[in-house]
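For chain A, the structure is supplied; the task is to place chain B on it using the hints.
So you can see what is in the structure, the chains are spelled out below.
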Amino acid sequence: MTLLRRWFWAWLGGLVLAALAVWGIVDNQRLFFVTTLNGLTLAALYFLVASGFTLVFGLLRNVNLAHGSLYLLGAYVGWVAGEYLGSWFLAVAAGFLFAALMGLVLQVGVFRFMQGEDLRQTMATIGLSIMAADVALWIWGGEIYQFDPPRWISGTTTLPLVGKFSTYRLVLLATAVVIGVGLWAFLAYTRVGMMIRAGVDDRAMLSASGVNVQMVFAITFAIGAGLAGFAGVVGGTALSIAPGEDTRYLLASLVVVIVGGMGSVTGAALGAVLIGVAEQFGLAYAPTYGIVFTFVIMALVLAFRPQGILGRRT
Amino acid sequence: MSAAQWRKAMNFSGGGRNWSGGRPAPVTPETARPPARPAAGSDSVVPTGAGIWRLWHHVRWRHLVVLVAVLVYPWVATPFFTFQIGGQVLALGLIALSLTFLAGYGGMLSLAQMTVAGIAGYIVAILGVSGTPAISLGWPWWLVVILAVMGATLAATFIGWLSVRTEGIYTIMITLAIGMAFFYLAQQNYEIFNGFQGFQKVVPPVVLGIDWRQPMPFYYLALFWALAGYFFVKYLIRSPFGIALQGVRDNARRMRALGFSPVAHRVAAYAVAGALAGIGGVLLVWYNGLITPGSVGTSWLINILIIAVIGGLRHPVGPFIGAIVFVLLQNFAIDLIDRERFNLVIGLGFLVIVLFSPDGLLGWWDKAKEWVMRRAGGRRIATRSGEWRSSGGPTGVSTRAPMARPLGRQ
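Chains as they are written, first to last, in our numbering: chain A, 1 to 314; chain B, 1 to 410.
If you are wondering where the hints come from, they were derived from the structure by calculation, not from laboratory data.
Even glycine gets a Cβ: it sits at the ideal position worked out from N, Cα and C.
Any given hint could turn out to be false.
Now the stretches of chain B that chain A is said to cover, found in silico as 3 or more residues with beta-carbon under 8 Å [claimed, not checked]:
1) 152-166
2) 267-281
Simulated DEER-style distance windows between Cβ atoms [unchecked claim]:
3) A:LEU300 <-> B:TRP61: 47 to 57 Å
4) A:VAL296 <-> B:ARG254: 29 to 39 Å
5) B:ASP335 <-> A:SER240: 28 to 38 Å
6) B:SER299 <-> A:GLY141: 17 to 27 Å
The shape of chain A in the complex, shown without the other chains (with noise of 0.2 Å):
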């Protein structure tokens, strides 16, 4: 009954949605779907920045809210060696190590010797993103940095309802699904990624059956991070990297996350699309009140489903 009652109001939801989906069509087409697409592309970084973050918290039951900060890093690190060799993909490739190295780093040799200690850790990485934070303002000051991506990816497409669109944005688009895809495929067929699979149910058990539980733990913090600081250098392209940016990615990922469950990286891609997508809404049609939509998002998934979407019950 109450399960009825509840998909009652899904579908009402849905039909209020879909009403003001063709609304927004008939009003002004191009507008919505540039919208829809900027949305998707937003999601596509957004998940880029939080299934690192559901990996690490899956495994390890460690919340990082140093994630922000491996972006950022991550991005500062890129920038430079983008500067200094001279190619987009380098810089993509340095942040993507040198966020790698430190959550290595951070596992290795700080959160190793408090297992199990979820909020220990989770105070730790407070004080270091803080520190983070500073000592990025120290280096790299309050300018906002830019990348210049190849030249072939920097221009703009026409495509069929939008009409002109900048080509890296699809680029992160297609980047984000190959990730993604690649993410999977990497949990789902690998023997790392079976280990992970099985620690994220049972820790206890994986180490029991003879697998170094701590070496699971360093190199799924390591993918993790470095998908961070990935997001960071792709992100950065995109938009630009500033300081404060490390919390604005902080939140998505931490909002992303809740809403499409913790420790799923599917729920990760469907969080993402969900937020992205709404906040771009958001931007468009009500500026002031964009955050409101992705509160009601979390809001109403915290009501009704509390461990999120595709989240299990811990």
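Relative to chain A, chain B alone:
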């Protein structure tokens, strides 16, 4: 055993948990199901006299010294120290006290306490008088203050209702997300929150011929509310509600089996903490004279956590000690290090506290006391410091697990 008896029993055994030196009440065997833990530490028999004597019994020299010190302080300190340091410490301490209550006794580490305080501050600015008459409604101050505290309590209840649906570590994520969302809303929205600029010239009213903006009146106003909040929390944690809340913190399942509702207790704790934070928020907006999105930004959300953790989450005095350290550092770090690097120092200090002293400065106090006792050759006192810790409960802050434990254990 009936629920009422249990409550009674737990209420008694709660006496032993009072860190501030209150001697545990004598426990008669039939009321103490958990085998008489408090009796272990009791070295004197509490006279079963009238209430006032029992109260007096809990007063120690250090309490009187501190009370006299805070009362005399503005007469010996310069106006700068009275207002900038004293006033700010008390206002921030009160907000951090709400977090200590939630985290230390309820096991819920909420990062949204500054948001709650900020909501109270915004209500004061929007409904009351400010430098932006286009938005501010200019209602009388008493109505505004009452509405502000009520609004903060309501907001905190809502935040609590949302976040208690999940447990433990999720709380910190959800409350952080809510707090940051409010920050972005206040920054983006110009119709209600006046966007980036916020509200200037939000000053305390002139009541009874006293300008409460002056250092000394403001100090005593803040002191009154800080003391009220402190004693309220001290009372509350030993009331049946507080004991039940600590029971929920330590083992929610068991409490549910005993007929308590963990969700109701947690939401109620959020509401109480919201009222405290709301009062602190009103004081803070009067202290600052303005409120901007920056006042509820991520850094301030986290600063409240830092203040509470530096002081120690085990006792309601912790947040005030933390606030003293924080405010002094904030004001005088410029003399020690570069002003620009304040965040680096505070982050490092926070990290050190988290890594090496899970009980904050209060933990060091306990250790020092123990050391002195041992040096003095007295019999080894059984330190009660460990008693606050929930074993593996949601307050992982204070659960310090041994280093060597089986790999992969939760």
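Status of each hint after checking the structure:
1. 152-166: Since 4 is at least three, the answer is holds.
2. 267-281: violated (count 0)
3. A:LEU300 <-> B:TRP61: 47 to 57 Å: With a Cβ separation near 55 Å, LEU300 (chain A) and TRP61 (chain B) satisfy 47 to 57 Å, so the hint holds.
4. A:VAL296 <-> B:ARG254: 29 to 39 Å: holds, 36 Å
5. B:ASP335 <-> A:SER240: 28 to 38 Å: holds, 36 Å
6. B:SER299 <-> A:GLY141: 17 to 27 Å: The hint (17 to 27 Å, Cβ to Cβ) holds, given that SER299 (chain B) and GLY141 (chain A) are roughly 18 Å apart.
Hint check: a violation occurs at hint 2 only; the rest are consistent with the structure.
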